[in-house]
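> Protein chains in written order, with this note's numbering: chain A, 1 to 398; chain B, 1 to 398; chain C, 1 to 370; chain D, 1 to 370.
A short, non-exhaustive set of chain A residues, derived as facing chain D with CB atoms under 8 Å:
#: 1; residue: Met1
#: 2; residue: Asn2
#: 3; residue: Leu3
#: 4; residue: Ala72
#: 5; residue: Ala282
#: 6; residue: Ile290
#: 7; residue: Met295
#: 8; residue: Thr297
#: 9; residue: Thr298
#: 10; residue: Ala304
#: 11; residue: Met318
#: 12; residue: Ile321
#: 13; residue: Arg322
#: 14; residue: Thr392
#: 15; residue: Leu396
#: 16; residue: Leu398
Since the hints were derived computationally from the structure, they do not count as laboratory data. None of the values given here were measured: they were computed from a predicted structure. The beta carbon of each residue, even a glycine, is placed where N, CA and C say it ideally should be.
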Amino acid sequence: MNLDFTPDEERFRAEVRSFLKARLPARIADKVRTGKRLHKKDHEEWHAILHERGWLASHWPPEYGGPGWTTAQAHIFDEEVSLAFAPRVIPFGVSMLGPVLIKFGTSAQKQHWLPRILDGTDWWCQGYSEPGAGSDLASLKTSAVRQGDHYLVNGQKTWTTLAQYADMIFCLVRTSAEGKKQAGISFLLIDMKSPGVEVRPIITLEGEHEVNEIFFTDVRVPVENLVGEENMGWTYAKYLLTYERTSEARVGAATASLAFLKQIAQTEEKGGRPLAEDPLFAARIARVEIDLENMKTTNLRVLAGSGSSAAPLELSAMLKIRGTEIRQELASLARIALGPYAQPFVSEALDEEFQGSRIGPDYAGGLAAHYFNERKLSIFAGSNEVQREIITKVSLEL
Amino acid sequence: MNLDFTPDEERFRAEVRSFLKARLPARIADKVRTGKRLHKKDHEEWHAILHERGWLASHWPPEYGGPGWTTAQAHIFDEEVSLAFAPRVIPFGVSMLGPVLIKFGTSAQKQHWLPRILDGTDWWCQGYSEPGAGSDLASLKTSAVRQGDHYLVNGQKTWTTLAQYADMIFCLVRTSAEGKKQAGISFLLIDMKSPGVEVRPIITLEGEHEVNEIFFTDVRVPVENLVGEENMGWTYAKYLLTYERTSEARVGAATASLAFLKQIAQTEEKGGRPLAEDPLFAARIARVEIDLENMKTTNLRVLAGSGSSAAPLELSAMLKIRGTEIRQELASLARIALGPYAQPFVSEALDEEFQGSRIGPDYAGGLAAHYFNERKLSIFAGSNEVQREIITKVSLEL
Amino acid sequence: MDFHHSAERSMLAETFGRFLQKRYPVEVRHEISASAIGWSPAHWAELAELGVLCGLVSETAGGFGGSGFDIAAIFEQLGRAMAVEPFLGTLMATRTLAMVGGHDGLIGDVLGGASILAFAHEESASRYDLTNIAAHARRDGDAWLLNGGKAVVPQLEAADDIIVSARIAGMKGERAGIGLFLVKRAAPGVVVEGYPLIDGGRAGELQLVDTPGLLLTDDAHPVLEDVVAAGIVALSWEAVGIMDMIKATTLDYLRTRHQFGVPIGKFQALQHRMATVALEIEQARSAAINAANALQGDRAKRERSVSAAKYTIGRAGTLVAEEAIQLHGGMGMTWELPVSHFAKRLVMIGHQLGDEDHHLARFIRFGQAA
Amino acid sequence: MDFHHSAERSMLAETFGRFLQKRYPVEVRHEISASAIGWSPAHWAELAELGVLCGLVSETAGGFGGSGFDIAAIFEQLGRAMAVEPFLGTLMATRTLAMVGGHDGLIGDVLGGASILAFAHEESASRYDLTNIAAHARRDGDAWLLNGGKAVVPQLEAADDIIVSARIAGMKGERAGIGLFLVKRAAPGVVVEGYPLIDGGRAGELQLVDTPGLLLTDDAHPVLEDVVAAGIVALSWEAVGIMDMIKATTLDYLRTRHQFGVPIGKFQALQHRMATVALEIEQARSAAINAANALQGDRAKRERSVSAAKYTIGRAGTLVAEEAIQLHGGMGMTWELPVSHFAKRLVMIGHQLGDEDHHLARFIRFGQAA
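Work the whole structure out from these sequences, hints included.
Pasting the structure below:
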């Protein structure tokens, strides 16, 4: 056994660092670090920089434009971009649809869509959840009825992240009502500008517009936008979910949050000493820090074991659970660290254009909102209850 | 609202204290305090002392020999005997069978059995659980078939506490296989000296003999030993379980354990200071202390609300859960406080006759064994999972 | 022992509760919260007329309440309605005035709704420690001039007068040498900066530069302790009111939301977690009862009980809020459902007058002293 | 990165595991534990012959292992079998001798099974603090004479020689001035009092009165840290082995035990708790991997990693043990089922070489230093 990185891997880390130093715009990193709102153009700017360097689609095979990294390299890259406060690459095109197209798409689909993902032509969003099908995803009702050279799509999707920016959506739709509910599902790519597509915002508890409802009314979708075979969409979705969950460990992001928390705890005072030296608060930080260090190794075991980022279902479910718990705990501790200044929330102050005075320490403005927003982590992307079901069924065989 | 005791109640407390000072044998209190084994004769001695004073059956109506206390008095009494390290009165006769007989027994049964409970003629044990019917108590199989003036009993009971000392056992037996499984159960009193009764010890994880299996093979039980009506035993058992659970809050016992734990934490040292001053350990103690103080009030609310020790099912289930969790946590902290000296376990040293040298501090000998033994609290007397089911069904209506 | 409110107190609570249900439903509450001033003078005037405010003040000082259980009965209702009006400041300020004596006129104005007071003690660096304040006051002839800042003062902009603590002697951390002053909102050197809170309420930063103030007491520490204890009783019962609402709405959701063909409340894993939530709420209620009961008691018992209560409310409140959101699934994340607002307020109560760790440490200190 | 044992190490672990499965089933283990001496010289001799002990010691000192992952592979198997033999003392004592050098003969005797060593450092009042010892040594001509006591020394009675720490200078709490000595069991002034442990093992109290000892080093602190770190790696992996066994046996029970007409493993509330148990075991395994990996590293990283591991094992171990008993219902309380013995040993590992709180505080200190 050996957990240490090779000299080659350490050289790679240095290369990533100098790239980030040179190319990550300070303005964007600063927004990430201080919890300011990222605009569409911020995401697009960073997306383009990574694409130019060939480092955008870290998990794609080289023949499709991936960098051809080992899992260790991908891990190092993830850690370094997080620590540098780079924005997370919006995952829907690059991390989710891309791998599905590469594995199940026709060559025409690959040739058409993959380059457009890389160069940012299409902003993708994900159409999985429905109002009546949350944890019970397979009970989805949005229907696609084949009519000659197109499908007619009717129904509703919900919790669609950043759909307000999206050009395209990949959807799970019902193409058959026969057999098990998992059996009649297909995987369809839909143009958001099609007539009959309507996006309505959902305002989340901290007042932000991040997720949406999408209504489909007699939307025509060309049959060539079907991915793989009709009624086989559940298989592709499961493949994608595995991908999604592994990434939900988000080791890099948690590491950056921990560093940020420690900085806050050094700045905040309690009884005339840094809060970081308060025995109870220091213990809280240390507990989550140890949990994170353990999870880093669990994550590496998954990566090393599978040779790719697709992981045995059990461990990826564990990573989803513990990864989100850790990030929620870090958000919670940052909120607690602020004391009374967790309360003020001037929403406009999260915009970079804001000129007014800030209340409390400069890092305080969005931390309570962030804490509340992060409650979603254990709900979305397969709730942690669903993950426990997976562990139960797949591994415990109960 | 008013949580304070009246001057009369405080006078009563003083009276209890002076009684305990005068009559509780120091030898017995010392054994309880230091976790030594209590023998049958120790229990009998204390039982007789309480009976002589008329304070044995604190919840019985005066006409049957109870003291006629208010709930506040019973509460005060419970607290004081615990703090004085009196042994807990073995509950099977006094606290469990007694109330059932008083409510459901014939006058012949009351006249015969109640005085014998009070004067200690009969040591009772409880025959509820069976190997195949633990949490699912109503699925019990031990059968009683009516044959003229007696029942013929066959089957097996388990987890029968102190059956090795018992003269009598009250049993739930199946008298009918028809209808719902709860419908065919009867409540029977069985002489342990009857032919066909066999007691086999179960050794628990710390090596003690406290519980037993009991086998019934063609045991003849006179029909006059049926309590109440045939096939109505489930009703009586539920009545009794409510009684049992309320008492499982064991506020007095927990208060005494907390005081003992604090004493240990003052004696043990960490980094040259009392362990009690270590911030993390102090926080552990304080958390359970606050939880206990809250539970004391929850318990008083139950007592005040019902006017008797039978409580609304929901709150009594909560008291069972939290009461046992608190006592388990106290046992756990005592174990942790010992450091390396939690490990030695010289079983004979728990006997008062033991003449050998003791390992570590004088309070150390039985604390780890006690911690392991206390794991039973969340399993027996209706496991805490069963209590959560009760809360769900009765109160949450889910 | 008696766990029932007196008939008068029950009647007040019921009247108040009915008023809020009818006149302060959640839509109205959101409107008020989103308004420029962030509270409703109209509702306030009506509540003053109803006599609700008098429940916060003892008879000797012109009210008809002021005991721990009076405060409890009122704030429990406030919690259920998520009311944002300046109740906490009113409680703490009038209680201060009642303790120092000689201000019955002003108390009368406040109880009648003619005047509003804020209570400004916490500062940007004090982190809940009552003695850790930097604002100071100096004599200038017959007058006192105050300098310094106060942080996150609830409904500061609404106040006509502000009660402000400031050092007149001694060092940070010392009990002696703290004064309490009555400062006019319109006095020279007063700068107020108001802002919204994440929980829908409103607060403000106070800056004082050579601001004249009327000395209320030059030995404020015992007053601060008592007044903060009353504030903690209030917040604890506000939290209990919120938790009962959260429990009810979450149970409703569990009974009606279907997944996998059954109400999600049929899933045992959720049932058992909900049972724990219900248990913690009952324990929190007991803690709040203990604190209300001890408010009239001797100092050590009072401080121990309020710290136990605030710790309990902090811990249980976070659990209840987080579990409620989780059990509501995505819906618990939306602005649309009241549960998210209850959850926000409940968690933020943990950031007022001391958090879980602060009060646990305090409980330990008072335990050792006893 | 590579998460596989080397071929040699895998083979040793497999051989050892097979041996234990065949020759050390739980009935035999209980017999050995209940015997007068509380361990099995016969098994020990066979294991020495198999070469298992050599896995604990580096090549340069006469073994063929000694790395963190060598120790891991052996102790994981010990945990699965609940073996009570003097492995921990052997590891810590031979590692001490290897570090100070010049005792290859004695190491050879130990690895060959001809001699057994105990490692005696902890005292009745030291509470896991390496520098907090009261035993002391003084020069007497060319010799050193030791006085003091050592507490709960694993398998002390089995030892032919004992490695003992004692102050030769300085005060409690100081790193400098601690010596390590080799003491003959038969030396004058040695009093050994053996006793059984709650987990089925055996230990003893050591008293030394003017006992001659051979000085191994007069700067023992770095040696103690390294040797204790190795001991923690060992205990962590013993715990991992136990937890895997507990998980397997609990899952078996959940699948076969029926209540309410179905296997209790069908109850979702239990499923979700078991999923958490499984998750915690994987996190504990990762912690144990980190510690084994860091054993060869620089001091700060090593100490930080072993404290993280011991904290994790302490916390997870208690959870796993308690949940296993609970999920077994009454059966988990019985002597008859192995699960109760696994649980006892697992919890008691938390009382050796530092508990959860001790190592959490230590992790914080090393984190601040780094």
